[in-house]
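Colleague: Chain residues, written in single-letter form:
Protein chains: 2
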Amino acid sequence: MTKNTIVKADVNAPAVTEILAHFVINHPSKGWSDAVDEQAHRTLANWTGCAIGASHHEPVEAALRAVMMLEPAPQASILGRTERVDIANAALINGISSHTFDYDDTHLKTIIHPAGPVASALMALSELLNSSGREVMDALVLGIEVSCRVGNSIYPDHYDRGWHITGTTGILGAAAACSRLLKLSAEQTQMALGIAASQPVGLREQFGTMTKPLHPGAAAKTGLMAALMAKQGFTASARALEAPRGLIQVISDKCDWKEITEGLGLNWESALNTYKPFACGIVIHPSIDGCVQLRNQHNLKPEQIEEVRLKVHSLVIELTGKKTPKKGLEGKFSVYHSCAAGLIYGKAGEHEYSDAVVQDPAVIALRDKVQAVIDDSIGEAAADITVLTKDGKQHHILIEHAIGSLERPMSNEQLKTKFMDQVAAVIGQGAADQAWQRAMNFGR
Amino acid sequence: MTKNTIVKADVNAPAVTEILAHFVINHPSKGWSDAVDEQAHRTLANWTGCAIGASHHEPVEAALRAVMMLEPAPQASILGRTERVDIANAALINGISSHTFDYDDTHLKTIIHPAGPVASALMALSELLNSSGREVMDALVLGIEVSCRVGNSIYPDHYDRGWHITGTTGILGAAAACSRLLKLSAEQTQMALGIAASQPVGLREQFGTMTKPLHPGAAAKTGLMAALMAKQGFTASARALEAPRGLIQVISDKCDWKEITEGLGLNWESALNTYKPFACGIVIHPSIDGCVQLRNQHNLKPEQIEEVRLKVHSLVIELTGKKTPKKGLEGKFSVYHSCAAGLIYGKAGEHEYSDAVVQDPAVIALRDKVQAVIDDSIGEAAADITVLTKDGKQHHILIEHAIGSLERPMSNEQLKTKFMDQVAAVIGQGAADQAWQRAMNFGR
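Heads up: the sequence lines are chains A and B, in that order.
Quick note: the first sequence uses my numbering, first residue -7, plus one each step.
Quick note: the second sequence uses my numbering, first residue -7, plus one each step.
Honestly, the hints are just simulated from the structure, not real lab data.
Among the hints, erroneous ones may be present.
Put simply, identical chains are the same to the list, so a pair is met inside one copy or across any two.
Said to hold, decoys possible - Derived pair list, reagent style DSBU-like, types lysine-lysine, alpha-carbon separation capped at 35 angstroms: (1) Lys246 to Lys101; (2) Lys385 to Lys101; (3) Lys361 to Lys314; (4) Lys408 to Lys293; (5) Lys250 to Lys22; (6) Lys175 to Lys319; (7) Lys319 to Lys339; (8) Lys382 to Lys22.
These figures come from a predicted structure and were not determined experimentally.
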């Protein structure tokens, strides 16, 4: 890997710290289309579902035990749990849980998971401030815009170097959103962005450990604290983002300032947010999608299936070629298990990647009937699936873009199914339905 | 500025995360010479003095107001104040105050200010754990060793790129020290280092703002929380420091692993710690030192002085050439004011850089008699000073190494004078004397 090219520091960068601060504070409430606002509600609902879904898993339990050593004041909720902690630590914990299943939202241009840092900080702070739903939604859209635009300016160089871009841009999105909610002045918001800029979070080396979901959580906490400090008069460099020794030039050799400034307030990155329909790496989504569609179209039962033939892109085998996964987590790296789960259950949520399902003899039997071959004519976003049944029939489907992609976004109904699948098991069907309604109607 | 050279990722780096974790946990209590231990006490005392000295200044007040919005539990002390906050935020606030005057300790090989992150985290945690003085001193030496050795491995490339190395290495020193104090296992300590590694703090762009002293404070808090999380079973990459996408390779193109591993436990970086005798940039210390020495040797009074002639390195004029400073802070960037203060007061502490002193007509009158010329024969560490008196005498001194340098360390008596000068004004003479004795005798 080549880590860096030689570049000169850019001493003439536009004043993006100031530009973003003014944008965040001065942009009118709901100063965007209904479509952008609808996407923001979908983002909030999906974040809520993911956070509640993982709220009793080990990274959350361990982090919460550590936070409890601080005897925090009961200021804000932890989603899916009864404990309350101070707003900074609520942001931390909810940020961790929302990313624990790797099932949250994705801004595909940058692979940023934007809601984790921004929504986690906002929802905690809104409890203290008793903010209106509309204020929260405004701050959510504006905060995500800051994260994703900064992400656009540095991706892919920054990511290639080893940073987990969700955390490193999330500090800014969270600081921006909390500044808006706190009704800071533009000058204070500039300071909040500057204070956050000195505390980037996230290394890709942590993938596969609990510290991966820590990244959005720590980014949420850092951004929230930066806004609180700016409100109290704490200062930072007014050019903390763009100066030669400011954040962006320090963490990336690509610094495309236009990505931050052009069309600001007109084009909305948050409108491009997507949601994972399946609780695994995006590379096997087309294969699962095809299996689920064939199952539903032909009412396929596992015992009818003779063979499953996949033609896939080489990355599918490279990243998810595990033939005999033993544990739930390993199942996420097995296209064979994932397709078997899709054919049997008609979905591939967190439950389908539990130890119990991965070790289920019926799932293993079908998994062993899945064959995958690399086909150079199949793109990364596609998969070609043929299911042969014992009565000699062949069912075929070509998936060009999986469900959940920008080209085939999940419907609200599909999003709700995903939500209920995660949330009902934790807080019950009725409460889950209420939580869905609340998120989708927040501030309307 | 050239930001980076092209290098390949090093996939064969030694397991420094594991090596440091084992070192921190398994090294015997006071497993070093008396000289190393004495230096650690001087480090603790100097940190205490700086933290108390700045404890009512604006960065501390602003940060504390923000922390108070969280309604923290009264677990630990804020030095020099009556408020108590939770241990994580006590680490934050004490770390901020200890660096607010830029008057703290310096590991000259890396320009790391090692005590800020490490001592601030430790002292807060020790209140909760009721640790012994010896346990704290052991953890202080070991934590500083981790910070400074990682610093040696990446300096100067990492610093040149724009990182404030005090914060970026301080997270690791604080995590290591707190792990030791918590009596974590080596494996847990490895996780603590890994958790901290994802949260580096500090950009040089912030110099001159309150966010500069935030860096050691945030590093202290981050390192402390990382250790608490590791204690509770939170996981991170076992190679979070050395992996190709781990901290060290991500934040520096220079990765000299030998600086971490060679002589570990035999040679002590903490023994190389130094302390600033004057509350300003190190480049004018030789000039002030000379003025103070001439004043004391010849009992010089301001009204006797006709002229002060300095021969200095070009950096002195470049960095501190401000002829007519108006405010206290500007005085720190004026060799003219600094020499006048040295001649009048016999010192140049924080008081001598107050607005009142900088605006004092008597100081201004002497300042205007100071002339400085660049002399290529004078090194960065040196200064040549001649004072002409009205009775026609010339007093001359050549300073080759200023007081406070490795070559001419401050005596304990000089350190105590600096300490009392900062602390007595805040907590009174008697309490200040007790605080000095306590720090110098901690754990003995």
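Colleague: With reference to the structure, classify each hint as holding or not holding.
Modeller: Do the hints match the structure? See the list:
With identical chains, the CA atoms of Lys246 and Lys101 are at most 35 angstroms apart both within one copy (15 angstroms) and between copies (31 angstroms). In the homo-oligomer, the alpha carbons of Lys385 and Lys101 never lie at most 35 angstroms apart, since the shortest distance is 40 angstroms inside one protomer and 75 angstroms across protomers. For a Cα distance limit of 35 angstroms, the shortest separation of Lys361 from Lys314 inside one copy, 14 angstroms, qualifies, whereas the shortest one across copies, 80 angstroms, does not. Taking the closest pair of Cα atoms, Lys408 and Lys293 come within 35 angstroms of each other only inside a single copy of the chain (25 angstroms); across copies the shortest separation is 83 angstroms, beyond that limit.
For a Cα distance limit of 35 angstroms, the shortest separation of Lys250 from Lys22 inside one copy, 24 angstroms, qualifies, whereas the shortest one across copies, 56 angstroms, does not. In the homo-oligomer, the alpha carbons of Lys175 and Lys319 lie at most 35 angstroms apart only across protomers (32 angstroms), although the nearest pairing inside one protomer, at 48 angstroms, exceeds that limit. For the identical chains of this complex, Lys319 and Lys339 are intra-copy neighbours only, at 18 angstroms inside a copy versus 68 angstroms across copies, given an alpha-carbon limit of 35 angstroms. Neither within a single protomer nor between protomers do Lys382 and Lys22 lie at most 35 angstroms apart by alpha-carbon distance, with minima of 56 angstroms and 75 angstroms respectively.
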